[in-house]
Amino acid sequence: MTALAAPPNSPPKLAGRASAEANRRRMTRVAYGLLAPTIIAMLVVVAYPIVQSIIQSFNSDASGIDPKTGLFRAGGFVGLQNYTNWLFQQCQVGGVTQACPAGSPQAGFYNSVFVTFFFTIVTVALETVFGVWMAFIMNRNFRGRGILRAAVLVPWAIPTAVTAKLWYFIFDPSGVLNTVLNVNVLWLSDLWASRFAIIIADTWKTTPFMALLILAGLQLIPEETYEAAKMDGSSTIQTFFRITLPLLKPALVVAILFRTLDALRMYDLPAILTGGGGGGGQGTQTLSILVVKQIQQSNDSASALSTITFLIIFAVAFIFIRVLGANLTGNAPKARRVAKEA
Amino acid sequence: MKKALRVAAVGATLALSGLSLVACSNGGGSSPAAQGGNDTGPITYVQGKDTSGNIPKLAAMWNADHAKEKVKVIQQSDNADQQLQDLTQHLQQKLSDYDVMSTDVVWTAQLAAKGWLQPLTGDYKLDLSGYLPSVVKSGEYVGTQYAAPSVTDSQLLYYRKDLLGSKAVPTTFAEMMALCPVAKKAGVDCYAGQFAKYEGLTVNFNEVVTSNGGTVVDEKGKPTLDTPEAEKGLQELVDAFKNGNIPKAAVSYQEQQGLNSFEQGKLMFLNNWPYMVADIANSDQAKDIRSKYAIAGYPGKSAVGGHNLAINAYSKHKGTALKFIKFMESEEVQKNRVEKESVAPTLSSLYSDTSFTDKYPYLVPLKKSLDSAVARPITPYYNGVTQAIQNNIFQALQTASTGGSVDVKSVLSTTSKAIEAAGSGS
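Line by line, the protein sequences give chains A and B. Sequential numbering from 1 applies to the first sequence in UniProt numbering. Sequential numbering from 1 applies to the second sequence in UniProt numbering.
Hint data in this document are derived by calculation from the structure and do not stem from the laboratory. What you are looking at is a predicted structure, and each value in this text was computed from that prediction instead of being measured. C-beta atoms are modelled at their ideal positions from N, C-alpha and C, and glycine is treated no differently. Please note that a few of the clues may not be correct.
Computed list of lysine-lysine pairs in BS3-like fashion (alpha-carbon distance at most 30 Å, straight line) [stated by the list, open to error]:
hint	chain 1	residue 1	chain 2	residue 2
1	A	K68	B	K222
2	B	K287	A	K165
3	A	K68	B	K94
4	B	K232	B	K167
5	A	K165	B	K185
6	A	K165	B	K49
7	B	K185	B	K137
8	B	K340	B	K167
9	A	K68	B	K125
10	A	K68	B	K340
11	B	K70	B	K266
12	B	K94	B	K161
13	A	K68	B	K220
Reference excerpt, derived from the structure (chain A facing chain B, CB under 10 Å, subset only) [what the hints assert, rightly or not]:
hint	residue
14	C100
15	S104
16	A107
17	A161
18	P173
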């Protein structure tokens, strides 16, 4: 009976599996159909400029001037020349490749790399410390907490360009800061003063962002853990380092990653405050400022530089996710595993 | 299906990048400026932001007489870099929507070298004999006129006549420096121009070099800074920064900061543009010095500023565009613009018309400056050249202002090399 029953049973089973398969395929098709507009939009908006910029970076837009008419001669494919020009600080003078003289954009490349990383490390460190501190204050229960939280957000809510202009007036040689401190510091042209002017303005502006992300993380820590710690006689410092910080880490890492990536492409603050100047004239010239300056001279060389900048930022993000296990994709177990391995 | 989609996606990307390749190859090369054909019809005139509100009125004046060739005015931002960027974007795509363009004097070469400007030759020849020669020259590139003079500008010397007393107004940099003890005695700074790292520094550097008989680049765009004249010019600035005749803070001065210092009575000599006259007349902080200052021509050779008018090579109505330029150049319009916009006219005869200059006294010292004024480097690589100058000269002045030693000769030699590298397009 069972032997007889089996054959009629299996075809429907097979049919069931086949229809499930067909079903899934249909679902997939529908899903792709629904996603198509988004994918196409992403291709147009994201992929196209990137691809175009990379293509441009291998070209030269003009290869000199026709001495008779004064018109530009069309350029063409130049391979990696735009990249090597930046990385090895080379210039082509009269068709000969040689080391760039001071004052040409390529000669300022490593200075810009240093400035960019210097700003990133110092501002992110300061913003993390102040951010944690502010988050702790905002996390306490006290009267007027709502007002405080709103007030803390104000610097973040002001557009960066406005912030920059605001600080521009504060840092003016005859501005508020020099008057109040009764000093005569050239905040926007001295080498280190201008760097710290930008760090101060940036920290003032973006600490609230950090504080809010950290506050969100703080509020996820259950009250019971603190109670338990108190029962066990843990001191405040022990509680902070043994309980708060480890539990805060996922939120903290994401906040630091976001800020780092943001700081690495810093443009508007130094552009408005110092125009990239300071010291000998390039003291606050970040990579993004160098890119924008170069666009006016040569699109293709600027494309190469922006690709280099993109790769640097990409590498930093990659290292971050690998080493600190920042959980961005929602794959928490994997991120935790990676973090543990690291 | 998945595969098909992936292929489609790759195909789309390739197609798009193909497009971009096409877009890229549009750059230099042949000139689209076909000669002849006096096509007429409605046109567009584009210029930077008009704060006076006078340009639309001029357009209305033109439109009243030209019903079939009406002009539409488009105003760009008030930032020169953004204006140039806007023009570049339109011209790169060969758009015909801008017919007449107001171009800064330093843009002529770079726009012309791309083949974007209609040469003003043949059917488009204009009689420019009555216009200031230094300004006409600023619209010229490789022996061809590409832009017609519209409004000009040159720097003036603003000075405190109460401090100067009966002493003669300086006509050279050295004479001015010799007067600095007067400022010191009065407890004010002696001289300032524009020495922050931006276009103003190129202007001021150009001035000290040309005032001593040197040039920054030759006609072919090759740097000519390895000369005793150029050395003498830069040495003047370096010395003045070193001995404090130019205040240390001046390395951060653009037009406005220098003006602030002058208006607050902290400065004896200021090198600045004519439009500061209006500011001193109205600004609250200037009330103490308003009756104590005067203006004279720049002590030496000023740089030329201002804007020219050029026709888009892709314009569909070049005939009307040319007529409109002639209208803008006319004595009537030039006078009107002096009255309404306080600009410097380019028609020579206006400066010798005493009934006119009596009404606008700033025109007299301005003419003195303009007579000897010299254009900034004319080169299609202007952006690179001005960056090369700014980077090197700023560093030298900054060092001098903090008391460091500056070897003028080696600074100029590095600047030359950087200009040459910029002129090679890298």
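(request) Mind listing which of the numbered hints don't hold for this structure, in increasing order? (result) The structure breaks hints 5, 7, 8, 10, 11, 12, 17; every other hint is satisfied.
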